[in-house]
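Asker: Following the hints, complete the assembly by docking chain B onto the known chain A.
2 protein chains.
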Amino acid sequence: TATPAAAFFLLLTTATLLSISIASYADSLPYIWPLPAFFTSGNATLSVDPDLSLSYSGNSAIVYDAFQRYKSLIFKHATRAPGPSRLLRGPSFDVSVLQIVVNSTNEELQFGVDESYTLRIDKRDSGSIVGAATIEAKTVYGALRALETFSQLCTFDYGLKTVQIYKASWYIQDEPRFAYRGLLLDTGRHYLPVDVIKQIIDSMSYAKLNVLHWHIVDEQSFPLETPTYPYLWKGAFSKWERYTVEDAYDIVNFAKKRGVHVMPEIDVPGHAESWGVGYPDLWPSSSCKEPLDVSKNVTFDVISGILSDLKRIFPFELVHLGGDEVNTDCWESTPHVKQWLKDHNMTPKDAYQYFVLRAQEMAISNNRIPVNWYVSSLK
Amino acid sequence: TATPAAAFFLLLTTATLLSISIASYADSLPYIWPLPAFFTSGNATLSVDPDLSLSYSGNSAIVYDAFQRYKSLIFKHATRAPGPSRLLRGPSFDVSVLQIVVNSTNEELQFGVDESYTLRIDKRDSGSIVGAATIEAKTVYGALRALETFSQLCTFDYGLKTVQIYKASWYIQDEPRFAYRGLLLDTGRHYLPVDVIKQIIDSMSYAKLNVLHWHIVDEQSFPLETPTYPYLWKGAFSKWERYTVEDAYDIVNFAKKRGVHVMPEIDVPGHAESWGVGYPDLWPSSSCKEPLDVSKNVTFDVISGILSDLKRIFPFELVHLGGDEVNTDCWESTPHVKQWLKDHNMTPKDAYQYFVLRAQEMAISNNRIPVNWYVSSLK
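Protein chains in written order, with the numbering used here: chain A, 5 to 383; chain B, 5 to 383.
One chain only, chain A, in its complex shape (with noise of 0.2 Å):
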């Protein structure tokens, strides 16, 4: 990618802004980001039960391991236990049942998956004795983002000690604005643990993000493990600085969990140094490192050879592949390379063509839709 620090960041929110006036807005409590396609709010103030119970009929484990996730955000200070007291005083508090509906069972996690929702919040039917706030969805997509609104409404009044949901009643329509939004996490130029790769996917779903574009590997190391080719994390800053396949499989289900797609990126062929630490042949020569060697079937047979350990690990349909910086001063100066492209009769510029479409053509083999960035789209 363009620069050695970037940690690209790209972010789509849904905002909308209808008809509401943002200065009164924003004077206003409570907040939500981004701000849903269509709502309207009212004038009650609701307490929210800690002891918010799910009323959901459907079997995913992502809806249920969300609704703990979220109820312990919104109860992260310890509020007024109930106590036995409670039973006798009747229910005390406004909202107490969270229900839950998801139309269909389908939890495959595609590109343009649908995440809307409704979500309605209501002061207590005067008919009924217990206190009910709905989301509505299509897919367990959509409840995880409505999850995310409601926790965003409930807010922790510290004088009483309880959780509040102000504004209500509150009904809100939302879906996004943009099927693709996300943040780039380059693993290449700077290790991150597992465990701190997970903290950043829980804060993009904070934020509605939906895609973690994973830049694994670059020309400083090569952190993932690749069965297929198994010398090319040596290519790592330390062997302490890796990924196993079965990390990156964490990753994906940690992130399957969230709404948010996993796409890889190996970026080719300029920034691919590492490669060669464990395949010193992808090198043009032990003295000019890079780009690949273009000229050697080994270097495609390597790309490939990634390519289908990636789509084993990775069900996100786009994989990416770089494409940019390529500086192709490497491939003239070294002699079997430059002999290479005089035998194919092509400049260093038909040569780069050539590698950008045939890596492309694997992703395509891999049924998967390879993405490039905008540098190296080819006239």
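Quick caveat, the hints were computed from the structure, so don't treat them as lab data. Quantities reported herein were computed from a predicted structural model and do not represent experimental measurements. A portion of the hints provided could be inaccurate.
It does not matter which identical chain is used: a pair holds within one copy or between any two.
Cut-off 30 Å, straight-line C-alpha distance, at most; resulting in silico cross-link-like pairs (DSS-like, lysine-lysine) [stated by the list, open to error]:
1) Lys300 <-> Lys261
2) Lys202 <-> Lys346
3) Lys165 <-> Lys243
4) Lys315 <-> Lys243
5) Lys261 <-> Lys75
6) Lys238 <-> Lys75
7) Lys353 <-> Lys300
8) Lys202 <-> Lys142
9) Lys243 <-> Lys171
10) Lys80 <-> Lys202
11) Lys202 <-> Lys261
12) Lys75 <-> Lys202
13) Lys238 <-> Lys171
14) Lys80 <-> Lys261
15) Lys315 <-> Lys165
16) Lys315 <-> Lys80
17) Lys80 <-> Lys243
18) Lys315 <-> Lys293
19) Lys260 <-> Lys165
20) Lys243 <-> Lys346
21) Lys165 <-> Lys300
22) Lys238 <-> Lys142
23) Lys80 <-> Lys165
24) Lys75 <-> Lys260
25) Lys165 <-> Lys342
26) Lys238 <-> Lys80
27) Lys260 <-> Lys202
28) Lys80 <-> Lys260
29) Lys75 <-> Lys342
30) Lys293 <-> Lys202
Answerer: Just chain B now, with coordinates in the frame of chain A:
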């Protein structure tokens, strides 16, 4: 405290060099930090069972919880699942049981609590089919330190995908060189959420630090709830940047489970401007707000009230009363305080001494040992 950005780091290791060559040790794994008081190691490599079980006959939740925490840390990478086939193959790991023996059932965490332990990790005994590591400690807090050392000896091997202990057999006898191994957190100048404080306490336990010196309050903000004087936390940065009494209990209990004392500090009389937001009488005048008004009884009533609230929350026998950087100009420029000095035949320096000693007496009458900054030592 002396500097606004201060995060004063008092780090006292148990390192004893013994006769071991540091040069040769530095090149060879594993690292133990701080270095135990005494240890011997060998040349064997032992594998650790991902299903490592605990053999412990006591009933301390501190030990059970710590074992689970450290097991998660040791096996943070997925290891080869033993699978059903393992039963057919018989035990395949060298260390499959961690035995913990604690001699005392007393879990009180006080200054000078015994943190010594012995840790043995042997090769499988030819007479036994179950590999074991053994921890012996006088208190549960020694067992915590031993678990930390054990976890530091456990290294994930990325090639074999198992956790290994290098340089076994290990025999370690350890006790801290200093009873007070502290870290200061200043939440009076910079609010830290409860979860962040917990992360810091976790990291302290990894370095075997044992005192969180919580500089809760300062000029800039008063984030702690004090039921005796409930308006004090009006001096918080915001209504969100506060700690309830329950939050503070939560922190103390979290720290206790990691063998970490929490020593609260209220820094009087020079670092207490924020107190007057809720109780303006504590300021000498509305234009001169520091140090606290030495001439009024309410000043000492409030200190006494805070100290009795702190006593209920913090069982640690030390309480810090600050006392540094007192500029007495306010006392001399405010007519009623100046008159009081004159009536009592005191110089400002006398009044400062009177203030510090009176606060110390209040701590002592609350069965607490008062601690002050060195600059406040009185001749």
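Asker: Now look at each hint and say whether the structure bears it out.
Answerer: Each hint tested on the structure:
For the identical chains of this complex, Lys300 and Lys261 are neighbours neither inside a copy (41 Å) nor across copies (59 Å), given an alpha-carbon limit of 30 Å. For the identical chains of this complex, Lys202 and Lys346 are neighbours neither inside a copy (48 Å) nor across copies (64 Å), given an alpha-carbon limit of 30 Å. Taking the shortest alpha-carbon separations for Lys165 and Lys243, only the inter-copy value of 12 Å comes in at or below 30 Å, while the best intra-copy value is 49 Å. Taking identical chains as interchangeable, the C-alpha atoms of Lys315 and Lys243 lie at most 30 Å apart only when both belong to the same chain, with a minimum of 24 Å there against 49 Å between chains.
For the identical chains of this complex, Lys261 and Lys75 are neighbours both inside a copy (15 Å) and across copies (24 Å), given an alpha-carbon limit of 30 Å. In this assembly of identical chains, the alpha carbons of Lys238 and Lys75 lie at most 30 Å apart only when taken from different copies (28 Å versus 43 Å within one copy). In this assembly of identical chains, Lys353 and Lys300 lie within 30 Å of each other by CA distance solely inside one copy; the values are 17 Å within and 84 Å between copies. In this assembly of identical chains, the alpha carbons of Lys202 and Lys142 lie at most 30 Å apart only when taken from the same copy (26 Å versus 38 Å across copies).
Proximity of Lys243 and Lys171 under a CA criterion of 30 Å is satisfied inter-copy only: 18 Å between copies versus 54 Å inside one chain copy. When the C-alpha separation of Lys80 and Lys202 is checked against a cutoff of 30 Å, the pair qualifies both within a copy, at 19 Å, and between copies, at 12 Å. With identical chains, the CA atoms of Lys202 and Lys261 are at most 30 Å apart both within one copy (11 Å) and between copies (25 Å). Within a single copy, Lys75 and Lys202 get their C-alpha atoms as close as 19 Å, and across copies as close as 19 Å, so both meet the 30 Å cut-off.
For the identical chains of this complex, Lys238 and Lys171 are inter-copy neighbours only, at 24 Å across copies versus 57 Å inside a copy, given an alpha-carbon limit of 30 Å. For the identical chains of this complex, Lys80 and Lys261 are neighbours both inside a copy (21 Å) and across copies (19 Å), given an alpha-carbon limit of 30 Å. Proximity of Lys315 and Lys165 under a CA criterion of 30 Å is satisfied inter-copy only: 22 Å between copies versus 49 Å inside one chain copy. In the homo-oligomer, the alpha carbons of Lys315 and Lys80 lie at most 30 Å apart only across protomers (24 Å), although the nearest pairing inside one protomer, at 38 Å, exceeds that limit.
In this assembly of identical chains, the alpha carbons of Lys80 and Lys243 lie at most 30 Å apart only when taken from different copies (16 Å versus 38 Å within one copy). In this assembly of identical chains, Lys315 and Lys293 lie within 30 Å of each other by CA distance solely inside one copy; the values are 27 Å within and 66 Å between copies. Proximity of Lys260 and Lys165 under a CA criterion of 30 Å is satisfied inter-copy only: 24 Å between copies versus 34 Å inside one chain copy. Taking the closest pair of Cα atoms, Lys243 and Lys346 never come within 30 Å of each other, the shortest separation being 40 Å inside a single copy and 72 Å across copies.
In this assembly of identical chains, the alpha carbons of Lys165 and Lys300 never lie at most 30 Å apart, being 68 Å within a copy and 33 Å across copies at closest. In this assembly of identical chains, Lys238 and Lys142 lie within 30 Å of each other by CA distance neither inside one copy nor across copies; the values are 45 Å within and 45 Å between. Taking the closest pair of Cα atoms, Lys80 and Lys165 come within 30 Å of each other only inside a single copy of the chain (11 Å); across copies the shortest separation is 36 Å, beyond that limit. Taking the shortest alpha-carbon separations for Lys75 and Lys260, both the intra-copy value of 19 Å and the inter-copy value of 25 Å come in at or below 30 Å.
Taking the shortest Cα distances, Lys165 and Lys342 never come within 30 Å of each other, neither inside one copy (74 Å) nor across copies (42 Å). Proximity of Lys238 to Lys80 under the C-alpha cut-off of 30 Å is restricted to the inter-copy arrangement: shortest distance 21 Å between copies versus 43 Å within a copy. Taking the shortest Cα distances, Lys260 and Lys202 sit within 30 Å of each other both inside one copy (11 Å) and across copies (27 Å). Taking the closest pair of Cα atoms, Lys80 and Lys260 come within 30 Å of each other both inside a single copy (24 Å) and across two copies (19 Å).
Neither within a single protomer nor between protomers do Lys75 and Lys342 lie at most 30 Å apart by alpha-carbon distance, with minima of 63 Å and 55 Å respectively. Neither within a single protomer nor between protomers do Lys293 and Lys202 lie at most 30 Å apart by alpha-carbon distance, with minima of 33 Å and 46 Å respectively.
Of the numbered hints stated above, those contradicted by the structure are hints 1, 2, 20, 21, 22, 25, 29, 30, listed in ascending order.
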